[in-house]
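Take the given structure of chain A and dock chains B, C and D to it, following the hints.
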Amino acid sequence: MNPMIPLIAAIPLLAATLLALVGKWIPDAAADIVGMVAAAVPAVLAGIVLTRTVGRILSYWFGGWRPRAGDFPVAIGWAVDRFGAGFAFLVLILLTSALVYSWRYMEADRYLYVVLMLAFGAAMAAFVLSGDIFNMFVFFELMSVAAFALTAYKVEETSPLQGSFNFAVVNTIGAFLVLFGIALLYGRTGALNLAEIGVRLTNDGRHDGLVIAAFAFITCGFLVKAACVPFHFWLADAHATAPAPVCLLFSGVMVEVGFFAIARIYWTVFDGVLGEFQHPIRDVLLGVGVVTAITGAVMCGLQRHVKRLLAYSTIAHAGCFLIGLALLDPSALGGAAVYVIAHAFAKGSLFLVGGILLMTRGGIDELLLHGLGKRLYVAAAAWFIATLALASPPFLGTYTGHALIEDSASKLGYWWVPIVLAFATIGSTAAIFRAGLRIFIGAGAGDDPILSQQPSESPPPEEDPELGIMSAVTLLLAVAGLLCGAWTGLATRAVEAAHTFTDRLGYAAAVLDHRVPPPPAPETWHTTTSSIVWAVVTLVGSLTIGFGSVYRNRWPESMTRALDTAYGPIRAIHSGHVGDYVAWLAFGTAVIGGLFAVTIR
Amino acid sequence: MSVLPYLLAVFVFLVGLYGIVSSRNLIHIAVCVSVCQSGTYILLLAIGYKTHGTAPIFGDIPSSRKVVDPVVQSLTLTDIVVAVAVSALILAFALKAYEHEGTLDPHEIVEMKG
Amino acid sequence: MTRSMRIGLFLAGAAGVGFLLVWGVLDLPTFGHYAGPYGDIVSKLTEPQRHIANAVTAIVFDYRGFDTMGEELILFSAASAVAMLFRETREADTKDIVDAVRADAVNGLGVLAAIVTLLLAFDVVAHGFVTPGGGFQGGVVFAAAFVFVYFTCEYHAYLRLATTKFAEPLESFGAGSFVGLGMIAFAFGLAFMGNFIDYGVTGRIRSGGSAALVNWSSALAVAGGFMVIFSEYLKDNMAARYGRTKKVVQ
Amino acid sequence: MIPLQSVAILFVALGALCVVLARDLVRQALLLSIYGFSLVVLFVVFQAPDVALSALVVSGIAYPVVLVGAIARVAAIRKRRPR
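Chains A, B, C and D supply the protein sequences, listed in that same order. According to my numbering, the residues represented by the first sequence are 1 to 601, in order. According to my numbering, the residues represented by the second sequence are 1 to 114, in order. According to my numbering, the residues represented by the third sequence are 1 to 250, in order. According to my numbering, the residues represented by the fourth sequence are 1 to 83, in order.
Chain A on its own, in the form it takes in the complex (with noise of 0.2 Å):
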């Protein structure tokens, strides 16, 4: 048993409480340090073990309570594969960069600050980790009572209160829906680890109304976190509400962590039982995630506070990927991987380049800061960089996630797969493209009647701001985005550690047997030309689109108006009273559990 594994969670872990120790007593900047060091020292030790993990999955049983091989597993096991260590490397690399972004932009209890983010990325690096069901659920919650709290870090700044309260009850709610499946999976199994509820259910057979609540309950309660259509209206209340940084780690990896949970789960547990109901179970994903894709574009070109458009378009781009994860194809989940590391990137240097906004020019909104940010050109260069692969332009960005996502959907026939993919990214990055124009280059009309008002955040812009180190991260991450669409051999890695994450024998044998599963089969990248069609499409569509409604006010009067009536309902919808979330919450479970129950027979 290697003694990284634990460590990567430890350390940060150890690090917070130490902190919070001596926090009080040592100057704003050692707490800065001890935080950079205990994200960065775990984020090496995530890269060491991801190299250990090729073809392999390594086991790790806390308090040496190692079952012998075929025996129960009483205690709480680890199983971490190439996803999982991956998955702990970007959460920790995203966590290390949001720290040092954060060595200037923060200011009152800084150690707090430091403190809360460490357990937030260390809960998300365990969770990703994690082999066992319930173990999974107590870092998911440690993951969401840190995010809550760290979405009203600034606040006296930020007065809309109602981000953090609507966050924190739709995402508790969402964690009571999964454990009430991880109940009903206990009922039934009497286990908790999740190689061992896989081999009871599937050794029981039954897919009763048990087996089909459970799978439901899990999968909203975890779309919750994943903020998809209709459990996604907290997403862009706490993305408005939350320091930039925070919102790196929000949209990064926060939101993704809900769609993991749902392939590991889906993957090792339920495979098994419900591997014959792989139409419906797709289907219906697919449908979700096809609303959540088309929400999300809309809803991100009606708005003009920048962070909420990012959030928004987030949530289109988590549309995307839940498509990818709903083929049920390790081709197509392998794409999705690759797409959410090169959405990380860019989407995290998006939000920092908001911080750097709000803390020079004392404003968030694209109209208001309308020309305020052409001498900004380091940020401007990383907004167009980072926008500029979230277009998905051929061999760029998010390039090589959308092109396996759409090949291999035409090959399970699903030829509307890249029309969604297209519309939400040409969607979501017009609207960002737009709002770039008109901060960075002074483009276009300084009013747009379409755009929703929002209360903006308004600190007041500090005189002389050191923006050396919080430029360079946000170039950085910025570039990193970019280049991850050229490296198709990260595509391909992404592909071969799909087929190993998918294959529900192989993972029950490491774990429970201590067997090493057969390694996968090499990949090797094909570029299809209609990946490539889809991809110039996306990239002119977003340019032209974007271009365009920076000049809405030289579109026909009664056209502006027709969409302003068109888009009347859904923006209705976007209610912001917790009352409303919780209903939606209660109809979207009620909906996507009686499809899977009316369609898993």
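Just so you know, not all the hints are guaranteed correct.
[To be verified] Subject to a maximum C-alpha distance of 27 Å in a straight line, what follows is the list of computed BS3-like cross-link-like pairs (lysine-lysine):
{"hint": "1", "chain 1": "B", "residue 1": "Lys113", "chain 2": "A", "residue 2": "Lys154"}
{"hint": "2", "chain 1": "B", "residue 1": "Lys50", "chain 2": "B", "residue 2": "Lys66"}
{"hint": "3", "chain 1": "A", "residue 1": "Lys154", "chain 2": "C", "residue 2": "Lys165"}
{"hint": "4", "chain 1": "B", "residue 1": "Lys66", "chain 2": "C", "residue 2": "Lys44"}
{"hint": "5", "chain 1": "B", "residue 1": "Lys50", "chain 2": "C", "residue 2": "Lys44"}
{"hint": "6", "chain 1": "A", "residue 1": "Lys24", "chain 2": "C", "residue 2": "Lys165"}
{"hint": "7", "chain 1": "A", "residue 1": "Lys24", "chain 2": "A", "residue 2": "Lys154"}
Because the hints were derived from the structure by calculation, they are not lab data. Since we're looking at a predicted model, the values are computed, not measured.
Here is chains B, C and D on its own, set in the frame of chain A:
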């Protein structure tokens, strides 16, 4: 009759949800969240119960005695701590919202929509 | 959305969720007929393997001790977050507030009650492996002893005893030592949270090996965490009542 | 199922309903404690003394202090704010 404890868990959970949806007060919502959560305790403990089983403490009973499942009890203990922590946090948000907006009505604290 | 629309939407959803839940629970083993192996296996193991009489605490602090570590960290994060949210009201703001119960009998009883409660807390923690109880329950009772002082004596006396200067480090130390104990096992060449102390005799206070240390550190973390939460709420309350909060909108 | 369990179940169900339907905060705080104690009884008859003890300290100490603190705070601010 023998499914009554399970149905109780479902009932408590749904009642709590109803309270959240229909509420006009943030503190009331925080309390309803904790009611919702108690539904999960009940379900867990009901699953692990054994007729005529005793508590899983072997101090003065022979280890061959039939005992109820200790695992669900430990899960519930964890769940309870989580519930208190989350409730304290949600209440703190509610208080802060009150301080800023001067109201506890979820309808009136809405500043962002659309 | 109007309130009635919201409730209508919810009732439609709740009907579906309720149907799913009932459909699911009806397929569970009948109440009273727990079937799964996990609990039975662990019940048989705790005494021979770990010399712990109380199977629940054995699971909480040993077999699934790692979950409990996560749980203490949740409490730790929540307490830090509450402290962060109420940071506008500092202890200085409530320094010269006099909020006292002026009755000797009540004061005396309060102190007595506080002492008894403290002893009870230690008892609950110490006997966690033998009787129901353990770090969590004892920790809350420990924090409650301090609240007694507030209710029966004076706010200031409470503040002096349960000052955040004491409670916050206690909490962080507890949560930290939990993680630390996990790592100490590495020094003995064991796995994270492995047991490195002999198990003692079943039924005695000192049984359970290093799970006993874990029990105590969780008691510290819980006591500290709840003291922080209680203090912050009371402090904030005092400041609001006696007009020292700076920020009141409108 | 023994009769005691049925009674406890009935109490918990009624308690949950009362807590949720009470719109007055003080009344709700009181009802929450009573509901908490009904849960304690239920856990005892489910043979879960550890959980019952936790529920006892939580509903007897933690929730009341936090909740009453919150309600008192709201009342204090409301009193000071001219309306």
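Evaluation of the provided hints:
This hinted pair checks out: B:Lys113 and A:Lys154 have alpha carbons roughly 20 Å apart, not beyond 27 Å. Pair hint B:Lys50 plus B:Lys66 holds up; C-alpha atoms about 8 Å apart against a cutoff of 27 Å. Our distance criterion of 27 Å between C-alpha atoms is met by A:Lys154 and C:Lys165, whose separation comes to about 23 Å. The hinted pair formed by B:Lys66 and C:Lys44 meets the criterion: a straight-line CA distance of about 11 Å does not exceed 27 Å.
Taking the CA atoms of B:Lys50 and C:Lys44, the gap is near 16 Å; set against the 27 Å cutoff, the hint holds. Of the pairs offered as hints, the one joining A:Lys24 and C:Lys165 holds, with about 9 Å between alpha carbons and a cut-off of 27 Å not exceeded. Note on A:Lys24 and A:Lys154: the hinted pairing holds, with a Cα-Cα distance of about 19 Å set against a maximum of 27 Å.
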